[in-house]
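Colleague: Chain by chain, the residues:
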Amino acid sequence: MIAVRSLAGRAGLLLAAALAMPLALAVLLLPLDPAAMDLGQAWAGPSAVHPLGCDGLGRDIAARLIAGTGTSFAIAGLALALAVGLGVASGGVAGWVGGRTDAVVLRLADLLHGFPELSLAIVAAALLGPGTEAMVLTLALAAWPSQVRWCRALALSNRTAEHVRAAAALGAGPLHTVRRHLLPAVAGPVAIRAALSIGPVMVAEATLSGLGLGIQEPAVSLGTLIRDGLADLRDASHLIAATTITVAAVALAVNLLAEGLRESLDPRRR
Amino acid sequence: MPLLAALRLLLTVLAIAAGVAVPAMAGTLRASLSDDLTTIDPFAFPGVISSGVLRQVYEGFTAIDAAGDAVPALATRWETPDGGRTWRFALRPDVRFHSGRPFTAADVLWTWEHHLTRKPQPGYSAFYLRGIEGAAALQQGTATALSGVAIPDPHTLVVRLTEPDALFPLYPFLFVDRGMETEFGPAWHERASGGTGPFRLVSWRHGESVRLEAHAGYWDGAPAVDAVSLVVLPDPNTLMARYDAGELDVAPLPENAVRTVVRQPRYDGQIAAFARAQVRYLALNQDLYPPFRDRRVREAFGLALDRVATVNGLHAGRAALTNGFVTPGLGGYRPDAVPLHPFDPGRAKALLAEAGHAGGRGLPPLQVAGGPNVREEATYFAAQLTAVLGIPVGVRIQERAAFVAAINEGREALFINGWTADFPDPMDQLATQWHSASPTNRTHWRNPDFDRLMERARGLADPDARDALYRDAEALLREEAVALPLPTPQFVALVRPGVTGVVIRPDGTTDYHAARLP
Numbered sequence: 000m001i002a003v004r005s006l007a008g009r010a011g012l013l014l015a016a017a018l019a020m021p022l023a024l025a026v027l028l029l030p031l032d033p034a035a036m037d038l039g040q041a042w043a044g045p046s047a048v049h050p051l052g053c054d055g056l057g058r059d060i061a062a063r064l065i066a067g068t069g070t071s072f073a074i075a076g077l078a079l080a081l082a083v084g085l086g087v088a089s090g091g092v093a094g095w096v097g098g099r100t101d102a103v104v105l106r107l108a109d110l111l112h113g114f115p116e117l118s119l120a121i122v123a124a125a126l127l128g129p130g131t132e133a134m135v136l137t138l139a140l141a142a143w144p145s146q147v148r149w150c151r152a153l154a155l156s157n158r159t160a161e162h163v164r165a166a167a168a169l170g171a172g173p174l175h176t177v178r179r180h181l182l183p184a185v186a187g188p189v190a191i192r193a194a195l196s197i198g199p200v201m202v203a204e205a206t207l208s209g210l211g212l213g214i215q216e217p218a219v220s221l222g223t224l225i226r227d228g229l230a231d232l233r234d235a236s237h238l239i240a241a242t243t244i245t246v247a248a249v250a251l252a253v254n255l256l257a258e259g260l261r262e263s264l265d266p267r268r269r
Numbered sequence: 000m001p002l003l004a005a006l007r008l009l010l011t012v013l014a015i016a017a018g019v020a021v022p023a024m025a026g027t028l029r030a031s032l033s034d035d036l037t038t039i040d041p042f043a044f045p046g047v048i049s050s051g052v053l054r055q056v057y058e059g060f061t062a063i064d065a066a067g068d069a070v071p072a073l074a075t076r077w078e079t080p081d082g083g084r085t086w087r088f089a090l091r092p093d094v095r096f097h098s099g100r101p102f103t104a105a106d107v108l109w110t111w112e113h114h115l116t117r118k119p120q121p122g123y124s125a126f127y128l129r130g131i132e133g134a135a136a137l138q139q140g141t142a143t144a145l146s147g148v149a150i151p152d153p154h155t156l157v158v159r160l161t162e163p164d165a166l167f168p169l170y171p172f173l174f175v176d177r178g179m180e181t182e183f184g185p186a187w188h189e190r191a192s193g194g195t196g197p198f199r200l201v202s203w204r205h206g207e208s209v210r211l212e213a214h215a216g217y218w219d220g221a222p223a224v225d226a227v228s229l230v231v232l233p234d235p236n237t238l239m240a241r242y243d244a245g246e247l248d249v250a251p252l253p254e255n256a257v258r259t260v261v262r263q264p265r266y267d268g269q270i271a272a273f274a275r276a277q278v279r280y281l282a283l284n285q286d287l288y289p290p291f292r293d294r295r296v297r298e299a300f301g302l303a304l305d306r307v308a309t310v311n312g313l314h315a316g317r318a319a320l321t322n323g324f325v326t327p328g329l330g331g332y333r334p335d336a337v338p339l340h341p342f343d344p345g346r347a348k349a350l351l352a353e354a355g356h357a358g359g360r361g362l363p364p365l366q367v368a369g370g371p372n373v374r375e376e377a378t379y380f381a382a383q384l385t386a387v388l389g390i391p392v393g394v395r396i397q398e399r400a401a402f403v404a405a406i407n408e409g410r411e412a413l414f415i416n417g418w419t420a421d422f423p424d425p426m427d428q429l430a431t432q433w434h435s436a437s438p439t440n441r442t443h444w445r446n447p448d449f450d451r452l453m454e455r456a457r458g459l460a461d462p463d464a465r466d467a468l469y470r471d472a473e474a475l476l477r478e479e480a481v482a483l484p485l486p487t488p489q490f491v492a493l494v495r496p497g498v499t500g501v502v503i504r505p506d507g508t509t510d511y512h513a514a515r516l517p
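Here the protein sequences come in this chain order: A and B.
Under numbering that gives the first Met the number 0, the residue at position 190 of the first sequence is numbered 189, and the numbers go up by one with no gaps.
Under numbering that gives the first Met the number 0, the residue at position 92 of the second sequence is numbered 91, and the numbers go up by one with no gaps.
Some clues are possibly wrong.
[What the hints assert, rightly or not] Example chain B residues on the side facing chain A (calculated, C-beta under 8 Å, incomplete):
| no. | residue |
| --- | --- |
| 1 | ALA43 |
| 2 | VAL47 |
| 3 | ASN236 |
| 4 | GLN263 |
| 5 | GLY312 |
| 6 | THR378 |
It is worth saying that the hints were derived from the structure and are not from the lab.
We treat Cβ as the ideally placed atom computed from N, Cα and C, and that holds for glycine.
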């Protein structure tokens, strides 16, 4: 674990463990099913069988939080993988090749970057419609412009770096230079930025699903839990409280871990 | 009086000077709307919220009472000498518009002609007027007046139709003061109130509020309150916070908030529930989802859903469930008492297996679609269908306008649909939903026998004879298992202790005419 070399990384790991332990115990010890309904248990308070109580359809909140966190993580991970892939491909090529390609990619990214990410995601979600796949695509599209700029800047600075120019002077071909010099140099910073983006992307998913633009029942995510909790805000506030605390804690743990990763990979901090 | 007015002004000025919020004017009933109005033009299609407000400002020949029956409004008597082809209306004398002008038959004719000749689109009542002789010619511009209407005297109106229509007196017309356009111009409705109803529409602040003031000269007696202030509060949490803070006297509840409110002991004695003239059902589009063409599959879906459990479980008992497609009592209708098939997942699975779909084999993916108000019902029923069908059944909740567009275009196979009666006769719930030519037949189910029953019923002036045909039509819909009836929630409102006389009519109009403040 590279990330645990730093204080932030250790704190993040500790927080992640503190979140995961009770969840793991709950999964092992309780017959939890996030979709099982019992209308007689609607809004039931915490009990031995339902440690965090039930929602308005009598579904176990703990089970739904566990399943929802998993879904949100998966969606954020997939969306970021897609955004980073697109970012490296378009931004990296633009920065490395330069010229007209660079200008076109940069203008497009600038155009999209002019809008706040959440506004962009809301428009994309409205156009793509609800659903898990659409949500992944929406979040990837919203995260793409900042990834492009970041990858382009990395490629640009490495293209003019002395060791790259030396390699070219010694006769190395472009493919060799990209494989041996560019990709290893950008991999760390790209990974750190992606890890730092997981938290905000999860929050964006929660916001979109909370607005009813995200994933649909019976799938459950942190966003759908917030939406359901908002409907019962006044008289069953434990629903929204449990979810918001989870979102905040998960985002904090992920950010601390990413910060640890950054500090560990930064050659100046070694 | 001048002394009292001066005292009131002084108190108001003192209150403002002291930085105290000015309380509502004495005699103003404070209530809420769940959404903004779409229009205050009585000729435009109003939608549910606007219709509820406009019906307190404008009136028609008849109105719907709390039991769902037609009662006289601006017509005191209506009769047909020839089985519904000619209608003679005796209009209520001594009725005055909000302007003070008398209401006469000429206003009815002007309203109808304006609906038919309105540009760029005809008024929304033009649909109900299409059967009047000369209506088509007036719409096409080949005539300048509606030839099928005669006015023997100012309070008598004779209407000739091209075909018998027994329901003509029940249609939900809103008669307008014909002097308004001359006095205020084409956009008169933004400047003045042009109806005969118990309240004048005084102001509409878009997205914020609507103010109604009592019509002192109302023919059925002036309202007991001076005014009604309606605040637009779409969010249930804000609505409840405002009610709890004592800022509202009446808070009609969104149907998906009823369950959370009624379980709170602090609202005991403040909950008023009223029957809703609505049919609600899980609709099956046989064109879009071929397995639905097999009656056994449709029947299996009905057996797979525990609909009885949702009356208490999802509606806190404030809902009615029947095995029918018409609201019992609507226009005095008495349906056949046919019990609902019991919840029987085992039998449902057996029927599916008989139809060649054991364990979900051959069933394409399926979602229960609906608007945001039915999210919980859709989720509950989708889980029950998943358990029985053997395939995962999803939920597709869309924003209301997108959902209505999708079902109108036939893009949903399985969806929760409802229809609230516009006028007090079963025809409004049967023909609109199931006649092959109806633009709101959203399942696209077609049956010539059903169409013939509707067409015959429309020509029968005798209500008992009509009801017999409606019962046959309902039996046909049940026999064909065209859709699965669902519980219809009641209208529920929170009413502050001491406030009396607030009524929500079966068509959804909140009626403040008899409302009294403590």
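Colleague: Decide, hint by hint, whether the structure agrees.
Modeller: Hint check:
1. A hinted interface residue such as B/ALA43 counts as satisfied when its beta carbon comes closer than 8 Å to some beta carbon of chain A; here the least separation is about 27 Å, so the hint is violated.
2. At its closest, the beta carbon of B/VAL47 sits 20 Å from a beta carbon of chain A; the interface hint therefore is violated under the 8 Å criterion.
3. Checking B/ASN236 against chain A: minimum C-beta separation of about 5 Å stays under 8 Å; hint holds.
4. Look at B/GLN263: its Cβ gets to within about 6 Å of chain A, closer than 8 Å, so that hint holds up.
5. The interface hint given for B/GLY312 is met, as the beta carbon of that residue sits about 3 Å from the closest beta carbon of chain A, less than 8 Å.
6. Because the beta carbon of B/THR378 sits about 4 Å from the nearest beta carbon in chain A, less than 8 Å, this interface hint is met.
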